[in-house]
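Enquirer: The listed protein sequences derive, respectively, from chains A and B.
The numbers in the first sequence follow the numbering used here, run straight up by one, and end at 501.
The numbers in the second sequence follow the numbering used here, run straight up by one, and end at 816.
Read the hints as simulated data drawn from the structure, not as lab findings.
Every residue gets a Cβ at the ideal spot worked out from N, C-alpha and C, and that includes glycine.
Mixed in with the good hints there might be a few duds.
What the hints assert, rightly or not - Short derived list, chain B residues pointing at chain A, Cβ under 7 Å:
hint	residue
1	Arg683
2	Thr684
3	Lys685
4	Phe691
5	Ala692
6	Leu702
7	Gly704
8	Arg763
Claimed, not checked - Per the computed footprint, the stretches of chain A lying under chain B, defined by three or more beta-carbons under 8 Å from a beta-carbon of chain B, are:
hint	segment
9	112 to 123
10	254 to 264
11	283 to 292
To be verified - Computed list of lysine-lysine pairs in DSS-like fashion (alpha-carbon distance at most 30 Å, straight line):
hint	chain 1	residue 1	chain 2	residue 2
12	B	Lys685	A	Lys322
13	B	Lys685	A	Lys252
14	B	Lys685	A	Lys389
15	A	Lys490	B	Lys685
16	A	Lys381	B	Lys685
Residues per chain, in single letters:
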Amino acid sequence: MNERPALLQMQGITKRYPGVVALEEVDLEVRRGEVHFLLGENGAGKSTLMKILAGAVQRDAGTIIIDGCISELRSPREANDAGVSIIYQEFNLVPHLTVAENIFLGREPAARLPGLIDRARMEQEAQQRLTELGVVIRPDAVVDDLGVAEQQMVEVAKALSIDAKILIMDEPTSALTNQEITRLFHVIRTLRDRGVAIIYISHRMEELHRIGDRVTVMRDGRHIATRELTSTHLNELITLMVGRALTEHFPKVAVPAGEELLRVEGLKRTGVLHGISLTLHRGEVVGLAGLMGSGRTELARAIFGADPVDGGRIWVRGKEAKLDSPRAAIALGLGFLTEDRKRQGLVLGLDVTANTCLANLDRFSAAGIVSPGQEMAVAKKLTADLRVKTPDLHQLVVNLSGGNQQKVVLAKWLCREAEILIFDEPTRGIDVGSKVEIYQLINRLAAEGKAVLMISSEMPEILGMSDRILVMHRGSIAGEFSAAEATQEKILHCAVGAKAA
Amino acid sequence: MKIPNRLARNARQFGTFAVFVVLCAVISILTPHFLSVSNLLNVAQQTVINAIIAVGLTYVIISAGIDLSVGSILAFSGVVMGQALGAGLPLPLAIAAGVAVGTGCGAVNGLLIAYGRLPPFIATLGMMSVARGAALLVTDGRPVSGFSESFRWLATGEVMGVPVPVLIMILVYVAAHFVLRRTKFGRYTFAIGGNEEAALLSGVPVRLYKLGIYAVCGGLAGLASVILTARLNSAQPIAGLSYELDAIAATVIGGTSLMGGRGSVVGTLLGALIMGVLRNGLNLLGVSSFIQQVVIGAVIIAAVLLDTFLKNSKR
Ligand SMILES: Nc1ncnc2c1ncn2[C@@H]1O[C@H](COP(=O)(O)OP(=O)(O)OP(=O)(O)O)[C@@H](O)[C@H]1O
Ligand SMILES: [Mg+2]
Numbered sequence: 001m002n003e004r005p006a007l008l009q010m011q012g013i014t015k016r017y018p019g020v021v022a023l024e025e026v027d028l029e030v031r032r033g034e035v036h037f038l039l040g041e042n043g044a045g046k047s048t049l050m051k052i053l054a055g056a057v058q059r060d061a062g063t064i065i066i067d068g069c070i071s072e073l074r075s076p077r078e079a080n081d082a083g084v085s086i087i088y089q090e091f092n093l094v095p096h097l098t099v100a101e102n103i104f105l106g107r108e109p110a111a112r113l114p115g116l117i118d119r120a121r122m123e124q125e126a127q128q129r130l131t132e133l134g135v136v137i138r139p140d141a142v143v144d145d146l147g148v149a150e151q152q153m154v155e156v157a158k159a160l161s162i163d164a165k166i167l168i169m170d171e172p173t174s175a176l177t178n179q180e181i182t183r184l185f186h187v188i189r190t191l192r193d194r195g196v197a198i199i200y201i202s203h204r205m206e207e208l209h210r211i212g213d214r215v216t217v218m219r220d221g222r223h224i225a226t227r228e229l230t231s232t233h234l235n236e237l238i239t240l241m242v243g244r245a246l247t248e249h250f251p252k253v254a255v256p257a258g259e260e261l262l263r264v265e266g267l268k269r270t271g272v273l274h275g276i277s278l279t280l281h282r283g284e285v286v287g288l289a290g291l292m293g294s295g296r297t298e299l300a301r302a303i304f305g306a307d308p309v310d311g312g313r314i315w316v317r318g319k320e321a322k323l324d325s326p327r328a329a330i331a332l333g334l335g336f337l338t339e340d341r342k343r344q345g346l347v348l349g350l351d352v353t354a355n356t357c358l359a360n361l362d363r364f365s366a367a368g369i370v371s372p373g374q375e376m377a378v379a380k381k382l383t384a385d386l387r388v389k390t391p392d393l394h395q396l397v398v399n400l401s402g403g404n405q406q407k408v409v410l411a412k413w414l415c416r417e418a419e420i421l422i423f424d425e426p427t428r429g430i431d432v433g434s435k436v437e438i439y440q441l442i443n444r445l446a447a448e449g450k451a452v453l454m455i456s457s458e459m460p461e462i463l464g465m466s467d468r469i470l471v472m473h474r475g476s477i478a479g480e481f482s483a484a485e486a487t488q489e490k491i492l493h494c495a496v497g498a499k500a501a
Numbered sequence: 502m503k504i505p506n507r508l509a510r511n512a513r514q515f516g517t518f519a520v521f522v523v524l525c526a527v528i529s530i531l532t533p534h535f536l537s538v539s540n541l542l543n544v545a546q547q548t549v550i551n552a553i554i555a556v557g558l559t560y561v562i563i564s565a566g567i568d569l570s571v572g573s574i575l576a577f578s579g580v581v582m583g584q585a586l587g588a589g590l591p592l593p594l595a596i597a598a599g600v601a602v603g604t605g606c607g608a609v610n611g612l613l614i615a616y617g618r619l620p621p622f623i624a625t626l627g628m629m630s631v632a633r634g635a636a637l638l639v640t641d642g643r644p645v646s647g648f649s650e651s652f653r654w655l656a657t658g659e660v661m662g663v664p665v666p667v668l669i670m671i672l673v674y675v676a677a678h679f680v681l682r683r684t685k686f687g688r689y690t691f692a693i694g695g696n697e698e699a700a701l702l703s704g705v706p707v708r709l710y711k712l713g714i715y716a717v718c719g720g721l722a723g724l725a726s727v728i729l730t731a732r733l734n735s736a737q738p739i740a741g742l743s744y745e746l747d748a749i750a751a752t753v754i755g756g757t758s759l760m761g762g763r764g765s766v767v768g769t770l771l772g773a774l775i776m777g778v779l780r781n782g783l784n785l786l787g788v789s790s791f792i793q794q795v796v797i798g799a800v801i802i803a804a805v806l807l808d809t810f811l812k813n814s815k816r
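In isolation and in its complexed conformation, chain A is listed as follows (with noise of 0.2 Å):
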């Protein structure tokens, strides 16, 4: 074996917070020119070990040596310096500033008179980037009406336009379809074969054998263990990673379609949706399908009330509807998980217990008087339910990592016990133990005669667990397919626009 000389080596890494020991004496390892994955449940550690890397976070204790170096790494613009570069898991762009600015920000170039930004260029180098990805944004397009998975490419172009020599990618791929992880892979080995060290983190179990070289998993704050790929087989690392086998990664149970829950007909929104006619029914998961900026998401929040629709109609329980606002819908018995969490899910500054019943206020108060009592007990036990990491029902969601954050707006909407369910990528950023649990509890949802429409861009989530599966091409519903005739290649083929077989 070729052993690469290690060009990152941190020692003993340790972090506490409040009530929560992130990070204990850990250990990190990686090699020029290696895809270094970094593998572990929700809040085992991953994202801090990381921000630490990039000067975003202080440790406590613990060295890290760059290329021979140590360095301290006491702010991300040191970090810049050493050659670390990194793609945090929630986004970091300025919503109203353009593409191009958002990529350069900080580091605009210089126009011939000092302290003016030569736009022209900026533009033209975004662009650049942006095509070497492979995606269609326009350089001054602004970043706040992207939808998730432009930004994550835009997040992406930002970290290759450093020259770095350590690139972290904290789940890049959380928010992207196949065509875009593709591309984003093909960029990943080109710089790998420059010698750039890149640490990988995903909850996406098979990018683990596609794209990485090595993988150290963490547990609970610690190191577990570090293994070449090549040689380790894809079960060991989740037994390693949450402590136990996992048998079965898609649990679908299927139940008898009852009576019409929801009933949509020639939604319209000009230039986005374009006459969309669906149908769900008591027991039923339907899995929605396609390619970034298809128009998934707007139907879901069409439907939902959160956006105006130019024409259409909804029935509720066979009844004509009218959603023209989220409460209006949630009255009716509709929930809504959104993709973005940070921006539409959570409200970053109350604890889990305020989020959990954000929706569902009302069962909780007398008199507008809320009682902290029945508050906590519910969020007591859908966080549990849901395996929620967090010291106590207190700590601000904020705080939370990543998977832990999603669990909670799950549980907001199992708080609110409503009936027709629009899941956008439920288990975005989820680990594969809990997803399981997760897809249980789908299944649980469609046994209480629940209907479940799940937005997904993962495709063995949609095949694995909806009974139908609709895809979307260019805001219209290009293609539907039960489970049974269902397959990776017809919905693809279907997504891009190509006539359904």
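Got chain A; can you put chain B with the ligands on it based on the hints?
Expert: Then chain B with the ligands, alone, in the frame of chain A:
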């Protein structure tokens, strides 16, 4: 595990409290008269108006808004109440009229902000001028003076040794704290300020609650005007000039974030007391009012610096 966690979460409030205690200690060493009962009551009296207005601003600022019009609303409510009293309206009705005018002005702010989608800064800047103008208009620019003894009792009276205004302030704070921490209204105030979009998508009637928050803020300015008018025995159309700034300062010193989503009523009370103690202490020490302004400005900046520092050191 639990206790350090709790402590960490309330670090800011302990910080404010520590500043308050240190401040009192320093002043009482420099001038022993500071700690006399009469002077302490004096400080409380002087803090009451600002403290009550600041409660409203705390709600507004937690909801990620701002209200610049409270000083003008105070003046307008005051003169309307004064005229009502002058016209012979029974005391409770006149007071209700004053508070209602404040609430109404606040509700108009709320309507403009929530339903008209105006930025809070603009809407309340407009109201600041409109309410002031209205106060001058209805009085022709002249103060309304000379009220009954029973009305003045609201400022001069005592219940078991506690001045009535201080009692009112305590009641307002207990209620405001309870509402902020234990009711839907309070919870939604935090949610709206913390993430309006998430609140909306969770079915929170965001616009209605915004309207309510500004109405409460205006109403509290109206309540403050009752005490001020009773104390001065006169309702002045030019009362309350720049009171909004004092109230914002108290709120910010108390640790409420101008970005919204974070804050506490207890902090605001401490903030108002810090400002009151500082003014009083500097007066006792015979420091010129010019220097006082400089000192108070510096304290506001120091408080926010402390806040930023605390937040960053937790990384
Ligand atoms: N600022 C903070 N304050 C308090 N606790 C924190 C803070 N940041 C992280 N933690 C805690 O540290 C632990 C590790 O979090 P981290 O974000 O590193 O997990 P992770 O492995 O990236 O998980 P995920 O897969 O869900 O993203 C968690 O228990 C989290 O709650
Ligand atoms: Mg993470």
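Enquirer: Now, for every hint given, state plainly whether the structure supports it.
Expert: Verification of the supplied hints:
{"no.": "1", "hint": "Arg683", "in the structure": "holds, 6 Å"}
{"no.": "2", "hint": "Thr684", "in the structure": "holds, 5 Å"}
{"no.": "3", "hint": "Lys685", "in the structure": "holds, 5 Å"}
{"no.": "4", "hint": "Phe691", "in the structure": "holds, 6 Å"}
{"no.": "5", "hint": "Ala692", "in the structure": "holds, 5 Å"}
{"no.": "6", "hint": "Leu702", "in the structure": "holds, 5 Å"}
{"no.": "7", "hint": "Gly704", "in the structure": "holds, 4 Å"}
{"no.": "8", "hint": "Arg763", "in the structure": "holds, 5 Å"}
{"no.": "9", "hint": "112 to 123", "in the structure": "violated (count 0)"}
{"no.": "10", "hint": "254 to 264", "in the structure": "violated (count 0)"}
{"no.": "11", "hint": "283 to 292", "in the structure": "violated (count 0)"}
{"no.": "12", "hint": "B/Lys685 <-> A/Lys322", "in the structure": "holds, 26 Å"}
{"no.": "13", "hint": "B/Lys685 <-> A/Lys252", "in the structure": "violated, 39 Å"}
{"no.": "14", "hint": "B/Lys685 <-> A/Lys389", "in the structure": "holds, 27 Å"}
{"no.": "15", "hint": "A/Lys490 <-> B/Lys685", "in the structure": "violated, 49 Å"}
{"no.": "16", "hint": "A/Lys381 <-> B/Lys685", "in the structure": "holds, 21 Å"}
Violation of the numbered hints given earlier is confined to hints 9, 10, 11, 13, 15; the remaining hints are satisfied by the structure.
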